[in-house]
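**Q** Spelled out from the first residue to the last, the chains are:
Number of protein chains: 2
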Amino acid sequence: MEKIFTYESLRRFTQDVFTVIGCSAEHAALAANGLLRADLRGIDSHGIARLVGYVRLWEAKRANAKPQIQLVHETPSTGVVDGDGGLGLVVAPFAMNIAIQKAKQVGSGWIAVRNSNHFGIAAEHAMKALDEDMIGIVMTNASALVAPTFSIERLLGTNPICVAIPSGTEPPFVADLATTTAANGKLEILQRKNQQAPEGWIQDKDGHISTNPHELKAGGALLPLGGDRDHGSHKGYALGAIVDIFSGVLSGANYGPWVPPFPAYVPIPENMPGKGIGHFFGAMRIDAFRPAHEFKKDMDQWLKRFRNAKPAKEYDQVLVPGDPERLMEKKRFQNGISLMSAVVQDLDNLAEKFKISPLE
Amino acid sequence: MEKIFTYESLRRFTQDVFTVIGCSAEHAALAANGLLRADLRGIDSHGIARLVGYVRLWEAKRANAKPQIQLVHETPSTGVVDGDGGLGLVVAPFAMNIAIQKAKQVGSGWIAVRNSNHFGIAAEHAMKALDEDMIGIVMTNASALVAPTFSIERLLGTNPICVAIPSGTEPPFVADLATTTAANGKLEILQRKNQQAPEGWIQDKDGHISTNPHELKAGGALLPLGGDRDHGSHKGYALGAIVDIFSGVLSGANYGPWVPPFPAYVPIPENMPGKGIGHFFGAMRIDAFRPAHEFKKDMDQWLKRFRNAKPAKEYDQVLVPGDPERLMEKKRFQNGISLMSAVVQDLDNLAEKFKISPLE
Chain F
1 MEKIFTYESL
11 RRFTQDVFTV
21 IGCSAEHAAL
31 AANGLLRADL
41 RGIDSHGIAR
51 LVGYVRLWEA
61 KRANAKPQIQ
71 LVHETPSTGV
81 VDGDGGLGLV
91 VAPFAMNIAI
101 QKAKQVGSGW
111 IAVRNSNHFG
121 IAAEHAMKAL
131 DEDMIGIVMT
141 NASALVAPTF
151 SIERLLGTNP
161 ICVAIPSGTE
171 PPFVADLATT
181 TAANGKLEIL
191 QRKNQQAPEG
201 WIQDKDGHIS
211 TNPHELKAGG
221 ALLPLGGDRD
231 HGSHKGYALG
241 AIVDIFSGVL
251 SGANYGPWVP
261 PFPAYVPIPE
271 NMPGKGIGHF
281 FGAMRIDAFR
291 PAHEFKKDMD
301 QWLKRFRNAK
311 PAKEYDQVLV
321 PGDPERLMEK
331 KRFQNGISLM
341 SAVVQDLDNL
351 AEKFKISPLE
Chain W
1001 MEKIFTYESL
1011 RRFTQDVFTV
1021 IGCSAEHAAL
1031 AANGLLRADL
1041 RGIDSHGIAR
1051 LVGYVRLWEA
1061 KRANAKPQIQ
1071 LVHETPSTGV
1081 VDGDGGLGLV
1091 VAPFAMNIAI
1101 QKAKQVGSGW
1111 IAVRNSNHFG
1121 IAAEHAMKAL
1131 DEDMIGIVMT
1141 NASALVAPTF
1151 SIERLLGTNP
1161 ICVAIPSGTE
1171 PPFVADLATT
1181 TAANGKLEIL
1191 QRKNQQAPEG
1201 WIQDKDGHIS
1211 TNPHELKAGG
1221 ALLPLGGDRD
1231 HGSHKGYALG
1241 AIVDIFSGVL
1251 SGANYGPWVP
1261 PFPAYVPIPE
1271 NMPGKGIGHF
1281 FGAMRIDAFR
1291 PAHEFKKDMD
1301 QWLKRFRNAK
1311 PAKEYDQVLV
1321 PGDPERLMEK
1331 KRFQNGISLM
1341 SAVVQDLDNL
1351 AEKFKISPLE
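In order, the protein sequence lines correspond to chains F and W. Residue 68 in this note's numbering sits at position 68 of the first sequence, with consecutive numbering throughout. Residue 1045 in this note's numbering sits at position 45 of the second sequence, with consecutive numbering throughout.
In short, the hints are calculated from the structure, not lab data. A few of these clues could be false.
Below, a list of computed lysine-lysine pairs in the BS3-like style, where the Cα atoms sit at most 27 Å apart [to be verified]: (1) Lys-310(F) x Lys-1217(W); (2) Lys-1205(W) x Lys-1217(W); (3) Lys-1275(W) x Lys-297(F); (4) Lys-205(F) x Lys-1003(W); (5) Lys-1275(W) x Lys-310(F); (6) Lys-193(F) x Lys-61(F); (7) Lys-1313(W) x Lys-205(F); (8) Lys-296(F) x Lys-313(F); (9) Lys-304(F) x Lys-1310(W); (10) Lys-217(F) x Lys-1297(W); (11) Lys-1330(W) x Lys-275(F); (12) Lys-217(F) x Lys-186(F); (13) Lys-1104(W) x Lys-104(F); (14) Lys-186(F) x Lys-66(F); (15) Lys-1304(W) x Lys-1275(W); (16) Lys-330(F) x Lys-297(F); (17) Lys-1355(W) x Lys-275(F); (18) Lys-1205(W) x Lys-313(F); (19) Lys-1310(W) x Lys-275(F); (20) Lys-304(F) x Lys-275(F); (21) Lys-1296(W) x Lys-1003(W); (22) Lys-1353(W) x Lys-205(F); (23) Lys-310(F) x Lys-3(F); (24) Lys-1330(W) x Lys-313(F); (25) Lys-304(F) x Lys-331(F); (26) Lys-1003(W) x Lys-1313(W); (27) Lys-1066(W) x Lys-217(F); (28) Lys-296(F) x Lys-3(F); (29) Lys-1330(W) x Lys-1297(W); (30) Lys-1205(W) x Lys-310(F); (31) Lys-331(F) x Lys-193(F); (32) Lys-296(F) x Lys-1331(W); (33) Lys-1304(W) x Lys-1066(W); (34) Lys-313(F) x Lys-104(F); (35) Lys-275(F) x Lys-1066(W); (36) Lys-331(F) x Lys-104(F); (37) Lys-304(F) x Lys-1353(W).
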């Protein structure tokens, strides 16, 4: 039960919703573009399906539609941005832009962000660096769903890392990965379809491996990349922890089990040590290391060598990080984006409530 | 068949060997300290057991004992170091020191290194940042043993990432991880003992999952963290690729399948596009983001919360990255370091060949 919409109609609708809740025209456009990038790139869990969630956060006064986003501390290559409780979709471009400006001036720029909210997909922000011949690096923490190795408590979010690297004639390298075996969105799909998960994705409330995706709602947890100790889960745990500390502790945001949740019906944690959720943005100018044309020549050779690697006979080809999303983005931009009927219903309800033109 | 030696006797012996092959007194001490750190921290595969390998590299004229290490390009926050073919154990401290000096001046420092060799364990270099109230970040590429997801060709090394983060009263966070499910050293142990590996560590020459550690010498490959696509190996592959590009492509070193191997009997690849192997070093001053005492208070709270997390009943406690290595370092510094008899024999042979005092 799916229905197909053009990118532009979904983008326009999303922009209208952000405008109605009080965003400036500029912020509404920025937030809509950012959110829709997830749908274009095939990360449906982070796109327009979450629009209702953003509205509920605003209704619960847990997201500020008119933030005064500020750079509150800086050195030539670093800084901290306070998002004033704004939408991460708006705060993130502000911070990434400062990182890029600093990289122009001193070679690299690194901005930790506090007092923000969910920012959509990390790749949307990291890829801003590509047009500037820079490497973009983006991380964010998120509310705790993941148990560290040996723990039965959830202490980390799915905490993604994105690194976007420019190239010459080859399509660029864009890795955007949750530091868990499987992203939460994949679990939600299994829950909806009542299907079992592979081993290594989740554990039950006692810390035992489980394949039942509903365990996550019964005290279970997502597992760090690796799954269990024998398969390197301590490494996935370490990576998620690094993201949490860079995003949360370095900025003065919340961290670990104190990161506020995205669903507005989930109470915020007690005794929060910081402000909102945290992000971390980096930009490195290529020619702060090597002449850009030399780097791009080598990067093209790297990309060609990996894309042309010999695949195992079960597979057509070896991919470079970002390839599936890039192909999906092109396809969906041309052919439209399909939404599940439950999502369409949510959006129709929003249209009625806010008296804006419905999706068509 | 093991024999125990004091840290100091192993360090002295190692320093003597590096002196005999022509290192300056300063470089020999630096290299010996760096190599022995691996033994202290329990990473036996990267310590004195490799000393003979370093000597063979020098004998094959693939390592330069008297390098003119140079900063060949820089901006206020970035730079490239050419290691002149020197031992990574000597090149790495040079580069990390520049990263730290740049961080003192402009908040952060980022140095890509080319024309280097293996540098021991990444933690040895990243932890230099801790005393400066900085976060240390270290990566290196290595010769190709790892197959990207879907590939039957080996195109990446085990490419480790280390991040060291300072704290207040709690012991610091030090994550040092190969971006593979299992480090090569663990495979070597299984090969020696003729034991099977868990699924997810290796594949055979056709790209099929294998548990036979000897497959690695028959055209098989190590697997990226995650093991297979269902368990997130595309993420481990992406992380290993990021390390390769930051270390190799950004610096002008070799990358991917062209990284020269550590064993001197393995021929160097044809048509190498760069110089030597590559590393990447970063330092970020804590107070370039927040007052250091505020950060440390939060970091201590983070560390306590994770160390005191409720473990599953099969486990005693939840660990923070770096805890096992820190405890091992303390223990081995006090009680000595045990070496397998094959390693002792190698070192005795070295002593005889170079006419230096044998281990005692």
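**Q** Against the 27 Å threshold, does the CA-CA distance of Lys-186(F) and Lys-66(F) hold or violate the hint?
**A** Violated - the C-alpha atoms of Lys-66(F) and Lys-186(F) are around 33 Å apart, more than 27 Å.
**Q** Under the criterion that the straight-line Cα-Cα distance not exceed 27 Å, is the pair Lys-304(F), Lys-1353(W) satisfied?
**A** violated (46 Å)
**Q** Could you grab the alpha-carbon distance between Lys-205(F) and Lys-1003(W) and see if it respects the 27 Å cut-off?
**A** violated (44 Å)
**Q** Compare the distance between the alpha carbons of Lys-1304(W) and Lys-1066(W) with 27 Å, and conclude whether the hinted pair is satisfied.
**A** violated (46 Å)
**Q** Are the Cα positions of Lys-296(F) and Lys-3(F) separated by 27 Å at most?
**A** Distance ~41 Å between Lys-296(F) and Lys-3(F) Cα, so the pair is violated.
**Q** Check whether the Cα positions of Lys-1330(W) and Lys-1297(W) lie no farther apart than 27 Å.
**A** Answer holds: Lys-1330(W) to Lys-1297(W) is near 25 Å, not above 27 Å.
**Q** Sort out whether Lys-310(F) lies within 27 Å of Lys-1205(W), counting only the CA atoms.
**A** Roughly 11 Å separates the two Cα atoms, so the pair holds.
**Q** Verify the proposed pairing of Lys-1355(W) with Lys-275(F), using a straight-line Cα cut of 27 Å.
**A** violated (64 Å)
**Q** Can you confirm whether the C-alpha distance between Lys-1104(W) and Lys-104(F) stays at or below 27 Å?
**A** Distance ~19 Å between Lys-1104(W) and Lys-104(F) Cα, so the pair holds.
**Q** Lys-1304(W) and Lys-1275(W) were given as a pair; does the straight-line alpha-carbon distance stay at or below 27 Å?
**A** violated (44 Å)
**Q** Given the hint that Lys-304(F) pairs with Lys-1310(W), test it: the Cα-Cα distance must not exceed 27 Å.
**A** violated (47 Å)
**Q** Would you mind confirming whether the straight-line C-alpha gap from Lys-193(F) to Lys-61(F) stays at or under 27 Å?
**A** With Cα atoms ~33 Å apart, Lys-193(F) and Lys-61(F) exceed 27 Å; violated.
Comparing the model with each numbered hint stated earlier shows that hints 4, 6, 8, 9, 10, 11, 14, 15, 17, 20, 21, 22, 23, 24, 26, 27, 28, 32, 33, 34, 35, 36 and 37 do not hold.
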